Every structure is written in structure tokens, then in C-alpha cells.
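Counted from 1, the sequence shown has number 118 at position 117 by the working numbering; the numbering is strictly sequential.
Treat each hint with caution, since some may be false.
The list that follows gives simulated cross-link-like pairs (lysine-lysine, DSBU-like), each with its CA atoms no further than 35 Å apart [what the hints assert, rightly or not]: (1) Lys107 / Lys31; (2) Lys133 / Lys11; (3) Lys113 / Lys138; (4) Lys133 / Lys31; (5) Lys102 / Lys112; (6) Lys152 / Lys117; (7) Lys10 / Lys31; (8) Lys110 / Lys133; (9) Lys154 / Lys112; (10) Lys154 / Lys102; (11) Lys138 / Lys102; (12) Lys11 / Lys113; (13) Lys138 / Lys117; (14) Lys31 / Lys102; (15) Lys10 / Lys113; (16) Lys31 / Lys11; (17) Lys154 / Lys133; (18) Lys11 / Lys138; (19) Lys110 / Lys11; (20) Lys10 / Lys107; (21) Lys152 / Lys133; (22) Lys133 / Lys112; (23) Lys31 / Lys117; (24) Lys154 / Lys31; (25) Lys110 / Lys31; (26) Lys154 / Lys138; (27) Lys133 / Lys102.
Worth flagging that the hints you see were computed from the coordinates, not collected in a lab.
Since we're looking at a predicted model, the values are computed, not measured.
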Amino acid sequence: MTAANDILKKIENFSSEELNQVFHVITALKGSKKELHYTGRLLGIGFEENGEMSMELGMQNANTYDVAQGGALYTLADVSIGFHIMNQIPLDSQVYTLELKMNYIKPGKGKKLYAKPEIVHLGRSTVVSECKILDEKGQAVAIALGTFFLKHKEGDLK
């Protein structure tokens with residue numbers, strides 16, 4: 002129980018915001034990989050009721066200037082596009098990012114950002130897709146354009 006005791010000692014003087022962040026990390030660690038991988042959960046990425054993805058903003062994804070860190074926005078776009086593609090292909094197929102370019106337009110602020118992926122081209126083995134990251138007012142924060150590789154089970158889509 003040394004690790005547990007060390008953790009308890011370290012958090013004794015944490016602020017409520019820091020304790021909320023510890024709770025967030027623990028929740029991300031204990032989440033199901035079937036929903037979303039750990040990195041996505043840790044960054045605050047999740048699904049909206051309409052099936053689209055969003056990212057809650059907080060300490061877990063803020064940069065030095067207290068706005069959404071560019072890498073977190075990149076991950077939101079990548080994960081969102083990946084899930085969007087998976088909904089368009091056979092269940093036993095896999096999606097891998099080949100390339101993803103991100104244009105940052107303005108600082109990501111507020112409580113939540115929303116990902117709006119769209120498939121530009123769905124081929125046999127590659128997909129080109131874009132994803133707009135929008136703030137709560139519907140204004141573009143960033144736009145990603147990526148190429149993804151589709152790996153199909155042998156015999157599929159010949």
C-alpha cells in the first residue's frame with residue numbers, strides 16, 4: 002500500500018480544482034476501452050447524444066495560455082474521424098491514420114469543443130476526411146484534413 006499512501010500524502014493540500022483533476026484521471030484509467038481509448042478519455046473526449054464527439058475543456062487539455070492545447074485538438078479530430086469512418090465500413094475492418102494536417106484558426110475556449118467529421122472520399126483502401134473543431138458558438142477553432150488506411154479482413158471488399 003506504499004503507492005496508495007504516497008498518493009494520499011501528495012493530495013492532502015490539493016485545491017478542489019486539482020482534486021477534480023485527480024478524479025478525472027482515475028475515471029479515465031478505469032474506463033472501458035470499448036467506449037474510447039485511455040488517451041481520449043484522459044483528454045476529456047467523449048460522445049454526445051447524437052453520436053458526434055466533443056471534448057470538455059479543463060486542466061487535462063489546456064496549454065500555458067489556458068486555452069485548448071493544439072495536440073489535444075489534433076487528437077479530437079483524429080479520434081472523431083476514425084470513429085466516423087468505422088461507422089461507414091464493415092465491422093471487422095480497421096482504420097489507421099496515414100497523415101493528418103491541422104490548421105488552427107482561433108483559441109479553443111469555453112466548456113466544450115465539438116468535432117464535425119466529414120468523409121471527402123471513401124475508397125477501397127484509403128479514406129480522405131476532414132474535421133471541423135467548433136466552439137460552443139459554432140465558430141471554427143481548427144480544421145483537420147487527413148488520409149486514413151483501411152485494413153479489411155481477407156476476402157472483404159476485393
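Against the structure, the hints:
no.: 1; hint: Lys107 / Lys31; in the structure: holds (33 Å)
no.: 2; hint: Lys133 / Lys11; in the structure: violated (40 Å)
no.: 3; hint: Lys113 / Lys138; in the structure: holds (10 Å)
no.: 4; hint: Lys133 / Lys31; in the structure: holds (29 Å)
no.: 5; hint: Lys102 / Lys112; in the structure: holds (25 Å)
no.: 6; hint: Lys152 / Lys117; in the structure: holds (24 Å)
no.: 7; hint: Lys10 / Lys31; in the structure: holds (22 Å)
no.: 8; hint: Lys110 / Lys133; in the structure: holds (15 Å)
no.: 9; hint: Lys154 / Lys112; in the structure: violated (40 Å)
no.: 10; hint: Lys154 / Lys102; in the structure: holds (28 Å)
no.: 11; hint: Lys138 / Lys102; in the structure: holds (24 Å)
no.: 12; hint: Lys11 / Lys113; in the structure: holds (29 Å)
no.: 13; hint: Lys138 / Lys117; in the structure: holds (14 Å)
no.: 14; hint: Lys31 / Lys102; in the structure: holds (31 Å)
no.: 15; hint: Lys10 / Lys113; in the structure: holds (32 Å)
no.: 16; hint: Lys31 / Lys11; in the structure: holds (21 Å)
no.: 17; hint: Lys154 / Lys133; in the structure: holds (30 Å)
no.: 18; hint: Lys11 / Lys138; in the structure: violated (39 Å)
no.: 19; hint: Lys110 / Lys11; in the structure: holds (30 Å)
no.: 20; hint: Lys10 / Lys107; in the structure: violated (40 Å)
no.: 21; hint: Lys152 / Lys133; in the structure: holds (25 Å)
no.: 22; hint: Lys133 / Lys112; in the structure: holds (17 Å)
no.: 23; hint: Lys31 / Lys117; in the structure: holds (27 Å)
no.: 24; hint: Lys154 / Lys31; in the structure: holds (31 Å)
no.: 25; hint: Lys110 / Lys31; in the structure: holds (28 Å)
no.: 26; hint: Lys154 / Lys138; in the structure: violated (42 Å)
no.: 27; hint: Lys133 / Lys102; in the structure: holds (12 Å)
Violated hints for the displayed structure, listed by number in ascending order: 2, 9, 18, 20, 26.
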